[in-house]
Amino acid sequence: EAGVAQSPRYKIIEKRQSVAFWCNPISGHATLYWYQQILGQGPKLLIQFQNNGVVDDSQLPKDRFSAERLKGVDSTLKIQPAKLEDSAVYLCASSGGSYNEQFFGPGTRLTVL
Amino acid sequence: GENVEQHPSTLSVQEGDSAVIKCTYSDSASNYFPWYKQELGKRPQLIIDIRSNVGEKKDQRIAVTLNKTAKHFSLHITETQPEDSAVYFCAAQPGNQFYFGTGTSLTVIP
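Chains as they are written, first to last, in the numbering used here: chain S, 553 to 665; chain P, 25 to 134.
These are calculated hints, taken from the structure and not from any lab test. Worth double-checking, as some hints may not be accurate.
The following residues of chain S were derived to be distant from chain P, with all beta-carbon distances above 12 Å [what the hints assert, rightly or not]: (1) Pro560; (2) Val571; (3) Asp626; (4) Gln632; (5) Val664.
For lysine-lysine, the following DSBU-like pairs were computed, each having C-alpha atoms within a straight-line distance of at most 30 Å [stated by the list, open to error]: (6) P:Lys82 x S:Lys623; (7) S:Lys635 x P:Lys66; (8) S:Lys596 x P:Lys66.
Beyond 12 Å from chain P on every Cβ pair, some chain S residues (computed) [stated by the list, open to error]: (9) Ser579; (10) Gly592; (11) Asn604; (12) Pro613; (13) Lys614; (14) Glu620; (15) Leu622; (16) Glu637; (17) Ser639; (18) Ser647; (19) Glu653; (20) Pro658; (21) Leu662; (22) Leu665.
Note that the coordinates shown come from a computational prediction; the quantities given were computed from them, not determined experimentally. Don't be surprised by glycine CBs; every beta carbon is placed ideally from N, CA and C.
Given these sequences and hints, build the entire structure.
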């Protein structure tokens, strides 16, 4: 089966600029996650969708981060404006198979200068 | 919410030896415990998982054990090889959300 797709793979921006990331989950997976992984740390959940509804966004910095899941399939995560501390890898994951395993996309490495 | 602790943060072993990574969790509602391997610059890959209705699961050189009473679970890698070198993350799932440990950097010395 095809895996989780993400784009772009790399992005370099200046602070205060805006950036958007895209994710296409595994076909049929109802649950989609966005994680932030700072170098040397484990993934930190930013937002979780079940179909097109938000299940948990308690750790999403809502003053600058936003996310949506169009028609319960693809999702976009936006940062506006970016700060230096937003430099990280942004991982998208999906789950929903028979055993609810979670599968990760390749991630987007964001560098904020 | 759930709190997952992982030890050690770094681990070096000689090729052929065994490696053990331990995690503890706090929420008794957690019922699914996956382990991920993340090589440098790559995505986390699911390598093995265990559900709360079993105490041990094995897949070739990798095994996971779960002690629900003590709320801890462990990853065991036997006959380690250089390609096992990576960062390993444990996770616990109560409900729909996954909570990750802080990772263990494993180095297998040839």
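Tested hints:
For Pro560 of chain S, the requirement that its beta carbon stay farther than 12 Å from each beta carbon of chain P is met, with the minimum near 15 Å. At roughly 20 Å, the least C-beta separation between Val571 of chain S and chain P is larger than 12 Å, which holds for a residue marked as non-interface. Here Asp626 of chain S stays apart from chain P, with its beta-carbon at least about 18 Å from theirs, past the 12 Å limit. No Cβ of chain P comes within 12 Å of the Cβ of Gln632 of chain S; the nearest lies about 25 Å off, and the non-interface call holds.
Distance check on Val664 of chain S: its Cβ is at least 19 Å (rounded) from any Cβ of chain P, clearing the 12 Å threshold; non-interface status holds. Using a Cα cut-off of 30 Å, the hinted pair Lys82 of chain P and Lys623 of chain S is violated, with the two alpha carbons roughly 39 Å apart. At roughly 24 Å between alpha-carbon atoms, Lys635 of chain S and Lys66 of chain P fall within 30 Å of each other, so this suggested pair holds. Between Lys596 of chain S and Lys66 of chain P, the direct Cα distance comes to roughly 16 Å. Compliance with the 30 Å bound is thereby established for this hinted pair.
Interface exclusion of Ser579 of chain S from chain P stands, the closest Cβ pair being 18 Å apart, more than 12 Å. At roughly 8 Å, the least C-beta separation between Gly592 of chain S and chain P is not larger than 12 Å, which violates its mark as non-interface. The beta carbon of Asn604 of chain S sits about 15 Å from the closest Cβ of chain P, which is more than 12 Å, so the claim that it is off the interface holds. With a least beta-carbon separation of about 18 Å from chain P, Pro613 of chain S lies farther than 12 Å from that chain, consistent with its non-interface assignment.
For Lys614 of chain S, the non-interface assignment is confirmed: its Cβ lies about 18 Å from the closest Cβ of chain P, beyond the 12 Å cut-off. No Cβ of chain P approaches the Cβ of Glu620 of chain S within 12 Å, the least distance being about 19 Å, so the stated non-interface status holds. Every CB of chain P lies more than 12 Å from the CB of Leu622 of chain S, the least distance being 20 Å, so the non-interface label holds. No beta-carbon of chain P comes within 12 Å of the beta-carbon of Glu637 of chain S; the shortest separation is about 18 Å.
No Cβ of chain P approaches the Cβ of Ser639 of chain S within 12 Å, the least distance being about 15 Å, so the stated non-interface status holds. Listed as a non-interface residue, Ser647 of chain S fails to keep its Cβ farther than 12 Å from every Cβ of chain P; the least gap is roughly 8 Å. The beta carbon of Glu653 of chain S sits about 6 Å from the closest Cβ of chain P, which is not more than 12 Å, so the claim that it is off the interface is violated. The beta carbon of Pro658 of chain S is not kept farther than 12 Å from every beta carbon of chain P, the shortest such distance being approximately 5 Å.
Non-interface status of Leu662 of chain S relative to chain P is upheld: no Cβ of that chain comes within 12 Å, the nearest being about 14 Å off. Every beta carbon of chain P lies more than 12 Å from that of Leu665 of chain S, the smallest distance being close to 20 Å; the non-interface claim holds.
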